[in-house]
Structure formats: C-alpha cells, structure tokens
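Novice: Each chain, written out:
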Amino acid sequence: MSSKNFNPENFEQFLRDSGPAVKGLLKNPPDLSPERLAVLRQKMEAHQSFLREIPARQMRQVILELFKSTPMDGSDLAFMLRKNNVQLQGASGEGELFGLLREMENTKVIAGEWKDGDERRKKVYKLTDLGRAEISPVTSKEAELAQWLLSRAAA
Amino acid sequence: MKHTVPPAVQLQFESLAIQVCELAALDRQEQNALSYELQTFLQDLYRDGLDQNLSGEQAQARAVTTFGKAPPYS
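Residue numbers (the working numbering), protein chains in the order written: chain Y, 1 to 155; chain V, 1001 to 1074.
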C-alpha cells in the first residue's frame, strides 16, 4: 500500500497493511490528532521503504522462513513479494530473485523439484535440512515478515 | 480464463530469459532449466498485466521492465 492510500478513517487497516514493522502501533494505538497522524505517516512511510528493499542476506532468511511453512514455485514467491511491496535490495528487477533462489539451491539450503502444474511445469522449492538448520531458533524480524506475507496470502 | 501468451511475446520473453542466463555464465543444463523458469515468470507477469486491464503491448512492456535486465544475483 502506498502512502497516498493513507486515510485516517481506515487508520487501523492502514497499520495492518503496513506490515509487522508497525505492529507495535497496533498494540498501543496513538491518539489521532492531525499533528500526531502526520508524524505517524512519516514513520510509516519510512517503514514501508524498509519493507520494499531487503538486502539479499535478509531476503534469504525470509525465503527460508516462507519455505519452512509452505513449498512454492519462484513465480508464486515473486508475486507474493510484489503484492506486498517487498523487493530484493539493489536488484534491477524481479528476475534477480530467481538468481537468489538458484544460489540458495546450489548451497543446498533449498531444493527445487520440477512438477507438472495445471498449465505448465513448475519448479517447486522446499526447505532442506540444511536450510532448516540455518533458520534462527529465535523469532526474528525476517520470520515475522514471512508470517505476515503468508497471512496476507491466506486472507 | 487464463490469458494466452501470443507467440511474438513468448519469443521476446524467451530471448530475454536466455540473454539473462548467458550473462550469468551458467552451464548448458542449468541455463535451460533457469531459462524456462524465467520465461514462465515473464508469462505470469504478462498475464497479470492483462488481468489489470492493460493492453497486450502494455502488459508485455511492463513484464520486461519489471523483470529487469541484470544477470541473476549470485
């Protein structure tokens, strides 16, 4: 969601759509004075920029967390990220996500398997034991982001 | 109904995917597999554009722009 969609009347929904980075605000709702809203809006825009651009190291963790919950093909993953304004930092386009998947597959933290879909063959990725071992046992912001993405996909 | 990708559009996607894989200097087998994967993603981007009521040309241009031109991350 871009900042132009911001509407004080849908404040709570706006916060929910902005993702886990602002969930603290949901727990402690602020007052809704115009001045306060202006400050919050600036903060939320900053959070959204953070969400849009994720370094490869963090994206790798997010992908591991996602595949821990559900195997998926690269296209589904790319669309999930795109719909939620999440991108690989420094990438010239979404195609580079597939390079990261390839690298993760080469390092054996994920495994891809070609499967026949309804209309085309898909390479479905799943987490390996090596990948599982790489996931932090402590809930991280990457895990939080992955859960948020999954909850958005399920909604 | 799922949109069909016209042959001319498919040809451009195929060419772009192969170009990207060649830049990444992959071995032939890996190149073929990744190229196919990238092409299907480009097709999905194209169909998504049509779903959003773009024209065929707009959807094609949007898919290519969104996809980017750099070799895959490594």
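Hints in this document: simulated from the structure, not taken from any laboratory.
Positions of the beta carbon are idealized from the N, C-alpha and C atoms, including for glycine.
Treat the hints with caution; some may be incorrect.
[Claimed, not checked] No more than 30 Å apart at the CA atoms, straight line, and that leaves these computed lysine-lysine pairs for DSSO-like:
1. Y/Lys115 to V/Lys1002
2. Y/Lys83 to Y/Lys108
3. V/Lys1002 to Y/Lys108
4. Y/Lys122 to V/Lys1002
[Claimed, not checked] If you only want the chain Y side, here are some residues facing chain V, beta carbon under 10 Å, derived:
5. Gly99
6. Leu101
7. Ala111
8. Lys115
9. Lys123
[Claimed, not checked] The following residues of chain Y were derived to be distant from chain V, with all beta-carbon distances above 12 Å:
10. Ser33
11. Gln42
12. Asp73
13. Ala78
14. Lys83
15. Asn84
16. Ser92
17. Gly95
18. Arg102
19. Asn106
20. Trp114
21. Arg121
22. Leu130
Novice: Going through the numbered hints above, which ones does this structure break? Give me the numbers in ascending order.
Specialist: Hints 3, 7, 8, 12, 13, 14, 16, 17, 18, 19, 20, 21 are the ones this structure does not satisfy, whereas the remaining hints hold.
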